[in-house]
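*Asks:* Listed below, chain by chain, are the residues.
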Amino acid sequence: MDKQVWQAALPRLALAACLFPCVVLAADPELSIVIKDHLFVPAEIKVPAGKKVKLLVENQDATAEEFESHGLNREKVIPTRSKAVIFIGPLAPGKYPFFGDFHQNTARGVVIAE
Amino acid sequence: MLGAALIVFRESFEAALLIGILAAAMHAVPGRNRWLSLGIGAGLGGAMIVAGLTNIIANAANGSGQELFNAAILGFAVLMLAWHNIWMAAHGADLSRQARQLGADVGSGARALSSVAVLAGLAILREGSETALFLYGIFAGSEMSLQSLAGGALLGLAAGVGVGSAVYAGLLRIPSRRFFGVISTLLLLLAAGLASQMARFLIQADWLPSLATPLWDTSWLLADDSVLGATLRILVGYAAQPSGTQALFYAVTLAGIMLATKWVRRQHRFSTSRKYA
Chain A
35 MDKQVWQAAL PRLALAACLF PCVVLAADPE LSIVIKDHLF VPAEIKVPAG KKVKLLVENQ
95 DATAEEFESH GLNREKVIPT RSKAVIFIGP LAPGKYPFFG DFHQNTARGV VIAE
Chain B
5 MLGAALIVFR ESFEAALLIG ILAAAMHAVP GRNRWLSLGI GAGLGGAMIV AGLTNIIANA
65 ANGSGQELFN AAILGFAVLM LAWHNIWMAA HGADLSRQAR QLGADVGSGA RALSSVAVLA
125 GLAILREGSE TALFLYGIFA GSEMSLQSLA GGALLGLAAG VGVGSAVYAG LLRIPSRRFF
185 GVISTLLLLL AAGLASQMAR FLIQADWLPS LATPLWDTSW LLADDSVLGA TLRILVGYAA
245 QPSGTQALFY AVTLAGIMLA TKWVRRQHRF STSRKYA
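Those protein sequences? They're chains A and B, same order as listed.
Residue 35 is where the first sequence starts when you use this note's numbering, and the numbers rise one by one after that.
Residue 5 is where the second sequence starts when you use this note's numbering, and the numbers rise one by one after that.
Think of the hints as simulated: they come from the structure by calculation, not from any bench.
Some hints could be false.
Below, simulated EDC-like cross-link-like pairs (lysine to aspartate or glutamate); rule was C-alpha separation at most 16 Å, straight line [unchecked claim]:
{"#": "1", "chain 1": "A", "residue 1": "K86", "chain 2": "B", "residue 2": "D210"}
{"#": "2", "chain 1": "A", "residue 1": "K88", "chain 2": "A", "residue 2": "D62"}
{"#": "3", "chain 1": "A", "residue 1": "K117", "chain 2": "A", "residue 2": "E92"}
{"#": "4", "chain 1": "A", "residue 1": "K85", "chain 2": "B", "residue 2": "D210"}
{"#": "5", "chain 1": "A", "residue 1": "K129", "chain 2": "B", "residue 2": "D210"}
{"#": "6", "chain 1": "A", "residue 1": "K70", "chain 2": "A", "residue 2": "E92"}
{"#": "7", "chain 1": "A", "residue 1": "K88", "chain 2": "B", "residue 2": "D210"}
{"#": "8", "chain 1": "A", "residue 1": "K117", "chain 2": "A", "residue 2": "E100"}
Every beta carbon over 10 Å from chain A, so not counted as near; a handful from chain B, in silico [said to hold, decoys possible]:
{"#": "9", "residue": "M5"}
{"#": "10", "residue": "A86"}
{"#": "11", "residue": "V167"}
We put the CB at the ideal spot given by N, CA and C, even for glycine.
Hey, can you work out the whole structure from these sequences and the hints?
*Replies:* Set out below in structure tokens:
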């Protein structure tokens, strides 16, 4: 096999090997979102359908934000400069918009379950 | 300014509604205003403290502290509402028939009033701490001048109090024959709705399975963020996309309180008929 392919694949294999124990221990997939300048980054996150997912939301702003979603049926205040855990799902395939209740004009995002 | 007014109105609406219903239920019990003011004052003070401790609460229990805190408050409120409804089932007849002659059972009236004070305090504590955080955020982010912020907040609060007062006045116009039936139905549905909200927080914290997400979806018909949807959510616990566990909590709370009140009413009727036989 081509040496370059191996070089490219090696870090990923190493990462997979490191993550493997975590995945086995905590069955729920984890995803991170950051709130910065009243924006969700990334604003679009893909999650596996039919599985409970652990969302880690970190608020880097100097003001509190409320993560809210009618579709996900979730609501949580995230204090300034802190991390919050929100469990969502298991979800049917589809799009689930969410927003920051305290800054609705800018803080908007969507969870895509597939 | 209007944005601040809207948020404060939305948050104060729920507490104002509950306080309006409770104030109407206890309108004939002496000392009501004193107890209610005490509850409201304690709730406001508590809300400031909770807002100040937000970070500590949020980081507790591996980042699920806020959910557990909310669920605990809601659970406590459901228990108090259940107790209050059962108390009304036993005393409602006396309360409405001899409107101002509760003198015979002052101790019982005072106990019921203290539960009303606690309920009012809890409602304000929960909604008030969120409002305080939001307003502080706007203020700290200097998105609005202090004047326009305070103006908006006061406007929203006034609107919320207005709704609560209107509900209170409206309830008092109900003929006395029907009065306690209406009030206990309102409080019953309110308690079931709070139980469903409690379940939602426990699911969000992964303390309970969701069973089905969602159990149904009526957001096309009546969305959660529509005015009617939000009102019904507070009044009867409406949710456009509830989970199965939420529906279960709702049904169990509803059935539990109904059975308990029915039982107490029968006992009470039995004991009074024996007394006057």
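*Asks:* Please go over all the hints and tell whether each is borne out by the structure.
*Replies:* How the hints compare with the structure:
For the given pair, A/K86 sits about 9 Å from B/D210 by alpha-carbon distance, which is consistent with the 16 Å threshold. Straight-line distance between C-alpha atoms of A/K88 and A/D62 comes to about 6 Å, which keeps the hinted pair within the 16 Å bound. Taken as a hint, the A/K117 and A/E92 pair is honoured in the structure, with Cα atoms around 4 Å apart against an allowance of 16 Å. Taking the CA atoms of A/K85 and B/D210, the gap is near 13 Å; set against the 16 Å cutoff, the hint holds.
For the suggested pair A/K129 and B/D210, the alpha carbons sit about 22 Å apart, so the restraint of at most 16 Å is broken. Straight-line distance between C-alpha atoms of A/K70 and A/E92 comes to about 9 Å, which keeps the hinted pair within the 16 Å bound. The straight-line distance between the Cα atoms of A/K88 and B/D210 is roughly 9 Å, inside the 16 Å bound, and the hint therefore holds. Of the pairs offered as hints, the one joining A/K117 and A/E100 holds, with about 12 Å between alpha carbons and a cut-off of 16 Å not exceeded.
With a minimum CB-CB distance of about 15 Å to chain A, B/M5 clears the 10 Å threshold, and the non-interface call stands. With a least CB separation of 24 Å from chain A, B/A86 remains clear of the 10 Å interface cut-off, as annotated. At roughly 20 Å, the least C-beta separation between B/V167 and chain A is larger than 10 Å, which holds for a residue marked as non-interface.
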